[in-house]
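There are 2 protein chains.
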Amino acid sequence: MHPLDPIFKPKSIAIVGASRDPKAIGHQCVKNLIESGYEGKIYPVNPKADEIKGLKCYHSILDIPDEVDIALIVVPAKYVPAVADDCGKKGVKGLVIIASGFSEVGRKDLEDQVVEIARKYNMRILGPNVVGIMNNPLKANASFGPYLPYPGKAALISQSGALLIAMDARTWSDKVGISHMISIGNMADLNFGDLIEYFNEDPDTNVISLYMEGVKDGRKFLEKTKKSKKPIIALKAGVSQRGAAAAASHTGSLAGSTKIYDAAFKQGHVVRAENLDALFDETMALALQPPMKGDNLLIITNGGGVGVLATDAAERYGIPIKDAPDDLKLLMMKHMPEFGSPKNPVDLTGMADAQQYYGSIKDALKHDWVDGIVVLFCETSFTDPLEISQNIKKAIDEAGVNKPVIVNYTGGEASVKAGEWLIENGIPYYKSPDAAVRAIAALRTYGRYQDKETSKFVPYKVNKEKAEAIIHKTIGCGRTILTEPEAKEVFAAYGLPVPKGKLAKTEEEAVKIAHAVEYPVVMKIVSPQIIHKSDAGGVKVNIKSDEEVRQAFHDIIENAKRYDPHAEIHGVYVQHMEPWGTETIIGSTYDKQFGPTVMFGLGGVFVEILKDVTFRIAPFSEDEAMDMIKEIKGYKILRGARGEKPRDVKAIAEAISRLSQLVWDFRDYIKEVDANPVMAYEDGIKIVDARIILKTKK
Amino acid sequence: MHPLDPIFKPKSIAIVGASRDPKAIGHQCVKNLIESGYEGKIYPVNPKADEIKGLKCYHSILDIPDEVDIALIVVPAKYVPAVADDCGKKGVKGLVIIASGFSEVGRKDLEDQVVEIARKYNMRILGPNVVGIMNNPLKANASFGPYLPYPGKAALISQSGALLIAMDARTWSDKVGISHMISIGNMADLNFGDLIEYFNEDPDTNVISLYMEGVKDGRKFLEKTKKSKKPIIALKAGVSQRGAAAAASHTGSLAGSTKIYDAAFKQGHVVRAENLDALFDETMALALQPPMKGDNLLIITNGGGVGVLATDAAERYGIPIKDAPDDLKLLMMKHMPEFGSPKNPVDLTGMADAQQYYGSIKDALKHDWVDGIVVLFCETSFTDPLEISQNIKKAIDEAGVNKPVIVNYTGGEASVKAGEWLIENGIPYYKSPDAAVRAIAALRTYGRYQDKETSKFVPYKVNKEKAEAIIHKTIGCGRTILTEPEAKEVFAAYGLPVPKGKLAKTEEEAVKIAHAVEYPVVMKIVSPQIIHKSDAGGVKVNIKSDEEVRQAFHDIIENAKRYDPHAEIHGVYVQHMEPWGTETIIGSTYDKQFGPTVMFGLGGVFVEILKDVTFRIAPFSEDEAMDMIKEIKGYKILRGARGEKPRDVKAIAEAISRLSQLVWDFRDYIKEVDANPVMAYEDGIKIVDARIILKTKK
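For the protein sequence lines, the chains are A and B, in the order given.
Each residue of the first sequence is one higher than the last, beginning at 1 in our numbering.
Each residue of the second sequence is one higher than the last, beginning at 1 in our numbering.
Be a bit skeptical, because a hint or two may be false.
Intra- or inter-copy, both count: the list cannot distinguish identical chains.
[Stated by the list, open to error] Straight-line C-alpha distance at most 27 Å; calculated DSS-like pairs for lysine-lysine:
#	residue 1	residue 2
1	Lys592	Lys108
2	Lys417	Lys31
3	Lys343	Lys216
4	Lys259	Lys322
5	Lys695	Lys473
6	Lys417	Lys23
Quick caveat, the hints were computed from the structure, so don't treat them as lab data.
Every value quoted in this text rests on a predicted model; they were computed, and no experiment measured them.
In isolation and in its complexed conformation, chain A is listed as follows:
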């Protein structure tokens, strides 16, 4: 038995704060449980009532003679701690705290108090500030939402209560089938990750669908989504700057950076829905159809126009249409008049009947090349869409293969009815070609996630002790910024390719180092107080002789003293001057929800003007780093634009992955890392400048 079973498969439910007033939420919960057809035991609790809706009402939860699995708590916030304590004493397993007035209005203290009580008694909490749980398998509407959703196989979890109730109604008009609809509220205890884990084991659920405004522990969330054996789809609200602010003021949760969520969803294998329509549409597809295991999408249509629209959409959603192979074309020609087109889109022409749809779909599904089909049908005056539906189903059944089929009918009532018939028979139907293609693209995204070797991060052998020593020394000196030599040493300890270089305390030392690292060299002031070295006249480049080294050393020290007479001067860093290469940037920031993240981009206009950068949550493998590299617009440059040879992307990927290990290992210390520029050559890379900033102690 799963520890959350008492919450999602309760044998008995108490409603603490049950009410005789039909307008009260405490009344609605009782009523909903009775009317939805729940066959477990229902115990209203109210110190002042003896009977509610024909059920015996208990004055305290402690008075209930039987075991109680979950308690819906609908008393005012201030009474919740006392109620929770009673529940604990009673041996209740889970509290569904519908009551609001906790962290969402600034009363985190009250919320913490309740969590503490729950922990003491080993109870789990859903909420506070929730609508409740709508449980279709048990026919239990344990919420103040008006009715159970349209039954089906998707677990839909929402961070917004009002939206949950509204979506509940929409499941019926859209016929998107739901197993459980769960309002997750403030997530004081149970969060998205917990529910994802639970519904992975739930036989009534085959897709987990999320409306999210923010997560509390991003890493825990990702661990759970990554392990999921069922598809997860999420609509992340607050992706615009203003929307993020609105989300923050709405749930009090940090909305987080869109780019970080992008990364997290990719790494966590979460399909992202672009809006509410997409969430519904794609949930249906993921619930009813298998993932698409390759890129070969075939479109079968009776209308050229919708075929073109679907082709446009396929490119937009990342599965561009390809020419069908010749043998498939020959097969398709059997099912169309002479003036039809066997290319992709396969145009059966406006004369197509149900039989031709049947034949072409069946033959196409059985053909090896085809990975998935979008069937389009323009309502005509001589064809009954229902007959088309029945023949689509027959074709799929008889083909007996595990490939997705998605249908769009463009038309009126008859098409809608025929489409609903399809949905009832397990075949997703959409009102527009665009929506149909978007849905199969979601199945393709999930297919790609499945195919992706779970390229686990295997830590590199590094000299962690050395890095640790340098970082601790810096902290010991009361500093939060490592000097450049320190940062480069940390990098080197992690196998990151830095130029040869060393700190010189005297002119003579500088000359010796210059010989050791080889000319030409760069020389830079090293002082904890001097951050903007160039401004201080503390940088000299392209130095080619001993004489120049001596002069540069002298000038740099003099300039530094003039710039800041109180600066503590460690010396001058003498470094081999690397040749020019393609400038890239690897960086890291510490995200409040997801912890250390790593960023990659090209230098120059790409980062400054175009913000052409991509993120991942650290640590991660070289394969994942390679995906980052391929994802940026500037990738073409690295591949070798304008007649140049390709850059060593493998070396870049390794550096990104190693840096992800560094920031993960020192996640308690490191706030920001900046490797900029990282020169990329045909063979290898060099990190020319390095910066590490530590967190300030609390």
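Here the structure of chain A is known, so what remains is to put chain B in place on it, guided by the hints.
Chain B in isolation, oriented as in the chain A frame:
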């Protein structure tokens, strides 16, 4: 009376090829006309029948005793010329050629023959290869589509017949009101432009909605759209590479480049629909609501979640949400509980009732700051959505202002019904927050088009004769590429800033010119046969002395001779070497549908890697050119990135506009122009290299 009135307001309709076979299109057309309630005269024509559907059938159109306004022609293609001739003799005004088998299957000859006959008799043609005309004001379904569309104020014109029939049905389920639904077919005569012009004068129509795969005469189309006093919205199919190919094979029309259509729609003030759903949704909004005349969008909601989603959508669709001014916030606070939020989105909270919606909407509409409102409502268990609808309408009516209001209800059947009530009362309703915001964004786009000073192109004073002489001389020499000095002279004649320079035939001339244009200079070989001058060793830069000039002249000539012993050598072009600036590119290509177009972008990675370029149809004003400049991603660089001073964008805009005049003036000759690089400085610009390629004679 408009010359197309007989076609769209016919008093009598003949069906040539009428049939007694209920399955025949010639039967359906008769039946549809009768059953739709058309009150004009219906004349079936069939040499072998005396009566069809209770109407007298004529053996020839010439036998009809009365006048005939339009003839629907449903005979096989090969008989159409004879029928057309009869129609001409009869004095028919318009032919609606439903018959197919013309240019769409390669029989352009047959189509041309019919057009010629029609011209002879002064008849207009719709088609061939059409479904027909569905005319709601006259209740005339003159088509083989099954019924008239949902009645309303949009004229919907489709280039795909199958899609037209399917859309016909969908107008009823979506409740998108249509005045006329017209299948435009092969556009042998009447095209989009003609119908746009006509429906501009039609009192039953207030928005013109297009499904387009391609246009035949892009310029005529733009002239008509630009003059339109009513909004025009278009879904352009075939925007992906593969989709364009599919569109081409579907209608035989050239789909054209997406970027060129982007330009054309902007210049022609056509609202672009991103897909079929958007076409329906935005058509409804444009038909029912006034344009949005400013950027201040207010969102009023009862659910934080949908408020966040709408805020995200607003940014995506180009009308980012702003903070409401304080006095508006105070007004809003009157209509919400204490825990509501008067910010934008205005959150009335889940407790909001119809009265609060009424009050907040009315107050907001009357407030000067507000330019438009999106009202969101999450279905709750205690509010009747219909009551919300009624109160929204009441608020709008009582506010009595001309600002758009768009509504989204998220919910089930009750919400849908309440939404339909809204639509019937002139207020657009959508099923998702995203769709609602997208719809008001279309109203904003149209509002912006209206606001945009019709910045007419006023030709610059240029030396057209000189340019003409050079171009004619080039043609006279049997060349299609102007040499660099020739191209620069043409540019200079059009006031385009080129560096000082002149052709030198001898070393001594070269030295003289170098003095005249001032050192440093660049020297380049001038030979019609040598296109890749650098490859030929024909370019020397940064020449600073007479000695160097002589040497360069000698080397260039020698290199050229070695490179191509047969090359005709005009001499060496000596040009002042301009200092480095921000590299931009201005170019022109001749588009098959739209004629001469002008392209602008930044040089380097922006054009090569990012394809960050934008187009316009020539000629156009400096204002329009300024919009181009602001549209590219690299605009930030021109505005002055990384501490640099802004570049002279006004000078760039002038050059773009002047170049648009040049390519327009010589549209019969010029195929391509390339000004690359155009150096942009803080003050002024210089076109460093110029190329003009002429069309090859046919």
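Hints versus structure:
1. Taking the closest pair of Cα atoms, Lys592 and Lys108 come within 27 Å of each other only inside a single copy of the chain (18 Å); across copies the shortest separation is 66 Å, beyond that limit.
2. Within a single copy, Lys417 and Lys31 get their C-alpha atoms only as close as 33 Å, which misses the 27 Å cut-off; across copies the closest is 26 Å, which meets it.
3. Proximity of Lys343 to Lys216 under the C-alpha cut-off of 27 Å is restricted to the inter-copy arrangement: shortest distance 25 Å between copies versus 50 Å within a copy.
4. Proximity of Lys259 to Lys322 under the C-alpha cut-off of 27 Å is restricted to the inter-copy arrangement: shortest distance 22 Å between copies versus 31 Å within a copy.
5. Taking the shortest Cα distances, Lys695 and Lys473 sit within 27 Å of each other inside one copy (14 Å), while across copies they are farther apart (73 Å).
6. Within a single copy, Lys417 and Lys23 get their C-alpha atoms only as close as 37 Å, which misses the 27 Å cut-off; across copies the closest is 24 Å, which meets it.
The structure fails none of the hints (numbered hints given earlier).
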